[in-house]
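Student: Based on the provided sequences and hints, a complete structural model is requested.
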Amino acid sequence: MGLLLQHCTSPSQFQETDPEQTGVRFRNEITETEHNNIMTYEYTYNGGGVAVGDVNGDGLADLYFSGNSVPNQLYLNQGNWQFRDVTTAAQVAGRRDWATGVTMADVNGDGRLDLYVCYSGNTPGEGVNRPVIRDRPQRANQLFINQGVNADGVPTFVEQAKAYGLDAPGTFSTQAYFFDYDRDGDLDLFLLNHANMFYSTFFNVKKLRSLRHPYFGNKLYRNDQQHFVEVSDAAGIHGSGLNFGLSAGISDLNGDGWPDLYVTNDYDEQDFCYLNNQDGTFREVSHTLFGHLSKYGMGSDIADINNDGRPDVFVNDMLPEDNHRQKLLKGPDEYDKHTLAVDSGYHHQYMRNTLQLNQGLAPDSLPRFSELGQLAGVASTDWSWAPLFADFDNDGRKDLFITNGYLHDYTNMDFLKYTVQDVVAEANRENHPVDVLGLIQRMPSTKLSNYAFRNEAGLRFSNQTKAWGLDQAFISNAAAYADLDNDGDLDLVVSHLNDQVSLYRNNQEQLQKNHYLKVKLEGLAPNTGGIGATVRVTTPDQEIYQEAYFTRGYQSSVEPLLTIGVGDATTVPEVQVVWPDQRVSVLTQVTADQTLVVRQADARPGTAPVPVPPAPLLEDITATSGLDFVHQENEYVDFKSDQLLLYQLSRLGGKMAVGDVDGDGNDDVFFGGAAGQSGQLYWGQDDGTFRRQADQPWADDAAHEDAGATFFDANGDGALDLYVVSGGSEFPIEDRRYQDRLYLNQGRGQFVKAEGALPAETVSGSCVTAADFDHDGDLDLFVGGRLQPDYYPYTPKSFLLRNDSDGRTVRFTDVAATMSESLAGAGMVTDAVWADLDADQWPELVVVGEWMPVMVFRNENGRLQRADEAVLHESQGWWSAVAVSDVDGDGDPDLLLGNAGTNLPFQASPEEPLTCHTLDLNQDGNLDPIVCTYVQGKAYPLPSRDELLQQVNPLRKKFIRYSDYADATLEDVMGKNQMAEAHVLTATMLTSSWLENQGGRWHLRPLPAGAQTSMIHGFVQEDFDHDGRPEVLAAGNFYPYRVQIGRSDASTGTLLRYQEGALQADAQVRLWLTGDIRDVALVRSKRGGTRVLVSRNNAAPGLYRMRPTGETDPHKAHPDRNAL
2 MGLLLQHCTS PSQFQETDPE QTGVRFRNEI TETEHNNIMT YEYTYNGGGV AVGDVNGDGL
62 ADLYFSGNSV PNQLYLNQGN WQFRDVTTAA QVAGRRDWAT GVTMADVNGD GRLDLYVCYS
122 GNTPGEGVNR PVIRDRPQRA NQLFINQGVN ADGVPTFVEQ AKAYGLDAPG TFSTQAYFFD
182 YDRDGDLDLF LLNHANMFYS TFFNVKKLRS LRHPYFGNKL YRNDQQHFVE VSDAAGIHGS
242 GLNFGLSAGI SDLNGDGWPD LYVTNDYDEQ DFCYLNNQDG TFREVSHTLF GHLSKYGMGS
302 DIADINNDGR PDVFVNDMLP EDNHRQKLLK GPDEYDKHTL AVDSGYHHQY MRNTLQLNQG
362 LAPDSLPRFS ELGQLAGVAS TDWSWAPLFA DFDNDGRKDL FITNGYLHDY TNMDFLKYTV
422 QDVVAEANRE NHPVDVLGLI QRMPSTKLSN YAFRNEAGLR FSNQTKAWGL DQAFISNAAA
482 YADLDNDGDL DLVVSHLNDQ VSLYRNNQEQ LQKNHYLKVK LEGLAPNTGG IGATVRVTTP
542 DQEIYQEAYF TRGYQSSVEP LLTIGVGDAT TVPEVQVVWP DQRVSVLTQV TADQTLVVRQ
602 ADARPGTAPV PVPPAPLLED ITATSGLDFV HQENEYVDFK SDQLLLYQLS RLGGKMAVGD
662 VDGDGNDDVF FGGAAGQSGQ LYWGQDDGTF RRQADQPWAD DAAHEDAGAT FFDANGDGAL
722 DLYVVSGGSE FPIEDRRYQD RLYLNQGRGQ FVKAEGALPA ETVSGSCVTA ADFDHDGDLD
782 LFVGGRLQPD YYPYTPKSFL LRNDSDGRTV RFTDVAATMS ESLAGAGMVT DAVWADLDAD
842 QWPELVVVGE WMPVMVFRNE NGRLQRADEA VLHESQGWWS AVAVSDVDGD GDPDLLLGNA
902 GTNLPFQASP EEPLTCHTLD LNQDGNLDPI VCTYVQGKAY PLPSRDELLQ QVNPLRKKFI
962 RYSDYADATL EDVMGKNQMA EAHVLTATML TSSWLENQGG RWHLRPLPAG AQTSMIHGFV
1022 QEDFDHDGRP EVLAAGNFYP YRVQIGRSDA STGTLLRYQE GALQADAQVR LWLTGDIRDV
1082 ALVRSKRGGT RVLVSRNNAA PGLYRMRPTG ETDPHKAHPD RNAL
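The sequence shown begins at 2 in the numbering used here and counts up by one.
Hints are not guaranteed to be accurate.
As the list claims (entries may be wrong) - Quick list of the computed label-pair ranges, beta carbon to beta carbon:
#1 756 / 208: 38 to 44 Å
#2 636 / 1085: 35 to 41 Å
#3 501 / 615: 33 to 39 Å
Claimed, not checked - Cross-link-like lysine-lysine pairs, in silico, BS3-like; alpha carbons within 27 Å at most:
#4 514 / 331
#5 959 / 641
#6 207 / 163
#7 418 / 208
#8 641 / 338
#9 514 / 467
#10 977 / 959
#11 338 / 448
#12 331 / 959
#13 331 / 939
#14 798 / 418
#15 418 / 754
#16 641 / 331
#17 958 / 939
#18 958 / 641
#19 467 / 939
#20 418 / 641
#21 959 / 939
#22 939 / 977
#23 958 / 448
No lab work stands behind these hints, which were simulated from the structure alone.
Remember, it's a predicted structure, so these values are computed and weren't measured experimentally.
Idealized CB from N, CA, C, for every residue including glycine.
Tutor: Structural data, given as structure tokens:
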């Protein structure tokens, strides 16, 4: 009947082959013993490895599998999906020790693929709290050198690891990576290792992290004429006892032609990123290049996912996709531990997959990455191992395959907290040792499907697991891709624990029928495989970039041949290969659907790349600006008083106000301070620098938290006065430190506090904006209330302050209740703006906020009436900013709206909204705000069981175990009666948007994907590139989220161009506006021109010069690339 049964319906993308037909029956069956089990060796379930390559030179990819407690096996590909086990004849079964990662590479440069096998595991007498046996030979790695085929066509191998200096006896090795790090023409080795015990990660940290461990630390070996010498310390490779290395990725991250290293780390030690110094050494730069990392870094892959020619980094972690397993396997929010780790020098780390998008070279010549895994839809794939980027449908974009599973749910919270405790207690009562193997059998075991994601447009991936026929449940670890049947598409090889391996045939040639090119590199000996070469394939509509590194994913190496999908192109205009020595091979007008053999010997000399950052649109001149202010938050932690908050309410400050207060024609700036820190005024100078102005009255109000500010003329004397909004959450409700303040300008920028000018109030506010709303000739104010301390998320009061000043006295009166029916209780306001939206000369007020719709208050002769339109009422979001701009060019003002963005662990839509139900559930005087999110089509409470019970202790009786809570809905938590009594807030969108004004009717439209990477806190409009047309600059980020959510730090600022009645994000322009930005403004001076100023929470502000006319405009160089 043939190998694969054909049905009347079309086949799925992948079809699992029958092992009875293929002959591949390898099964990584593990047997736990008293000395080697999950309790004594935590990597017992990490699985074996897979390597794919043509070891006998017949043009077909062969298979090699490593086994943890079973012999390794080699299968020769006989064609037609049939394989032959030649392990014994080839002499590559290895030892009956704990084999882990495997890789294929031509180590000795004879043109034949060799095999390197890593070993790990405990021996009797070793364990988590026991010393390691020194130089244990059972943990020596093996190198099988290919001797060529015998008379039967079977390749034979000789084990020579010790002779090559690569046996590494005693090390706990995960995987080996061959690459030419010093570019001397031969292959060196990076050996990834891991610990088998735990040290205190916060005691004597600096010394512990710098002290090399001989068996746990990673190692770098230099190839000196086929003998390898360890050079780890001299090369700058970390190797401490905290190391739990699970994968590495090799790539030229900064485009200088030299290979760099990304190394993942499990547990508390962070991932490392090593840039090659081109002199045999590396420097670790993870804190500079990445905003945050995965917490439990596992498998990884590096590839260009959006075809911009820059390699991107993906790291797997352990966050489940479904609510049940999230609640069952996750404990409390670890704010204290996370903060201590960061203070101790570790990076910010969060338990989820991370997709680090390469943004190119920053002005310091180092690349920067934005973490977009949640936006891309690939952040949660459970206990994941091997991520592999590959173009499985040959459309020219790299898709993503991820293996998944763990033999026993070792992190099941019920097991850890209750089962273990019960077993230990019973053993103590019976006076006998704990039955470890019996305890292990009581761990839950859950088989899960792997994941397959289709690359939709570079930054978005769709889950195609079921549609592609990959939804079978296994405990999968290692995986590799290869074109096993030479039909031009990539098939999959997946190794499982306690199941036979799976071979999946790719049916792309029957389904999409896209075209391909296969590129086989023939490098100069001894690097005969051309490892380290880069390949660029230019098709009529895209440029595809790949690097020739073949040890990828997790404990595996893929086929050392590049299969590149080219979509519907039948002819490829150009294929360019840049070899490691920078020689270049170029082929033009290449016919698709063939294998190209490209030889380094035929290449022409090339030029070594010198990575030069493009001329920035904005140049950071903060260091010479005279701005020495640093916003400094106090030590208050909101989560200590309210376990259910999503973010710290006390960390919303870092705002500023800009205006010419001394009348010299230069803009001045006031930076608001945190509680306990005075704000500061800086006078602008003619040359665009600033000078701090001391002895101002707000120094006496340093106890206040400055949440917002504006310069305006309060008393009509022509000088700008200063209104400062008091906010935060550090103080009790109705504390006098929430009183706003007005400072009057006495001329030349000298201020006095206007006592009694403002109504007495104690509202924690957010913003203030001025306009003459009643047409009486003076400026009135809207002041937004942000929150009620201790009563989040109840609505605070907002104010409409009418200016009732006369010639002698400055006085403002709150008329919100009389001049508007709903303004005082608008919501938790974050921003507001006045603008004449209907051209009647009366300014309307637009108010946005958290858990609020966009509110437009029409000005009807001095009375503010809320616009009653469905599009506005249904726009509930976590709005963070509003600005006015005529986006569609029709002459009336539209609105730019900043929101939280879509790069978050939850999403919101009208069909699946975010909700917040608030009630004092246990009548202890504290409100309990429970946020619910939709997970796989059903709404569940967001807090973990620990977070909920720490806040609402009586619920311990209802949710005794984690499994009791794992499927609980809000009704299960609150009950129907309390749900009916709860204060309910809703958010139906998190996308930053713009509101189109169509003659008084509104249409809400999302901003492009490039503006959704993080929260937006401000917009400014200017002709930034001097092309005669204005652009919009958006900036933001938001760091105070709880650890379970993580910092929102992906934005580097976005340049939005007006185009065809809408806005497009310019993907080619990098603004490098990083950090926890809270405000953005333009500042002008007589000789310094217009500059961009940003203020930040808990950090220094930044001042940026716009590039002068005549400097290179990267947008004009790539006019067709205008959206992410």
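Student: None of the hints should be skipped; say for each whether it holds.
Tutor: Structure-based check of all given hints:
Taken as a hint, the range 38 to 44 Å is violated for the pair residue 756 and residue 208, whose Cβ atoms sit roughly 56 Å apart. As the Cβ distance of residue 636 to residue 1085 is approximately 38 Å, the hint placing it in 35 to 41 Å holds. Checking the proposed 33 to 39 Å range against residue 501 and residue 615 shows it is violated: the Cβ atoms sit about 52 Å from each other. Restraint check for residue 514 and residue 331: the C-alpha separation of about 43 Å exceeds 27 Å, so the hint is violated.
Pair hint residue 959 plus residue 641 holds up; C-alpha atoms about 24 Å apart against a cutoff of 27 Å. Annotation: proposed proximity of residue 207 to residue 163 is violated, straight-line Cα distance about 34 Å (limit 27 Å). A hinted pair counts as satisfied when its Cα atoms are at most 27 Å apart, and residue 418 with residue 208 does not qualify at roughly 33 Å. Note on residue 641 and residue 338: the hinted pairing holds, with a Cα-Cα distance of about 14 Å set against a maximum of 27 Å.
Of the supplied pair hints, the one linking residue 514 and residue 467 holds, its CA atoms being roughly 20 Å apart against a limit of 27 Å. For the suggested pair residue 977 and residue 959, the alpha carbons sit about 15 Å apart, so the restraint of at most 27 Å is met. Between residue 338 and residue 448, the direct Cα distance comes to roughly 31 Å. Violation of the 27 Å bound is thereby established for this hinted pair. For the proposed pair residue 331 and residue 959, the alpha carbon gap of about 19 Å is at most 27 Å, so the pair holds.
Pair hint residue 331 plus residue 939 holds up; C-alpha atoms about 19 Å apart against a cutoff of 27 Å. A hinted pair counts as satisfied when its Cα atoms are at most 27 Å apart, and residue 798 with residue 418 does not qualify at roughly 45 Å. Between residue 418 and residue 754, the direct Cα distance comes to roughly 58 Å. Violation of the 27 Å bound is thereby established for this hinted pair. In summary, the hint linking residue 641 to residue 331 is supported, as the alpha carbons are separated by about 19 Å, within the 27 Å threshold.
Proposed proximity of residue 958 and residue 939 is supported: the alpha carbons are some 25 Å apart, at most 27 Å. Under the criterion of a C-alpha separation no larger than 27 Å, the hint pairing residue 958 with residue 641 is consistent with the structure, at around 23 Å. The suggested pairing of residue 467 with residue 939 holds, with an alpha-carbon distance near 20 Å, which does not exceed 27 Å. The straight-line distance between the Cα atoms of residue 418 and residue 641 is roughly 23 Å, inside the 27 Å bound, and the hint therefore holds.
With a C-alpha separation of about 21 Å, the suggested pairing of residue 959 with residue 939 holds against the 27 Å cut-off. Our distance criterion of 27 Å between C-alpha atoms is met by residue 939 and residue 977, whose separation comes to about 17 Å. A hinted pair counts as satisfied when its Cα atoms are at most 27 Å apart, and residue 958 with residue 448 does not qualify at roughly 31 Å.
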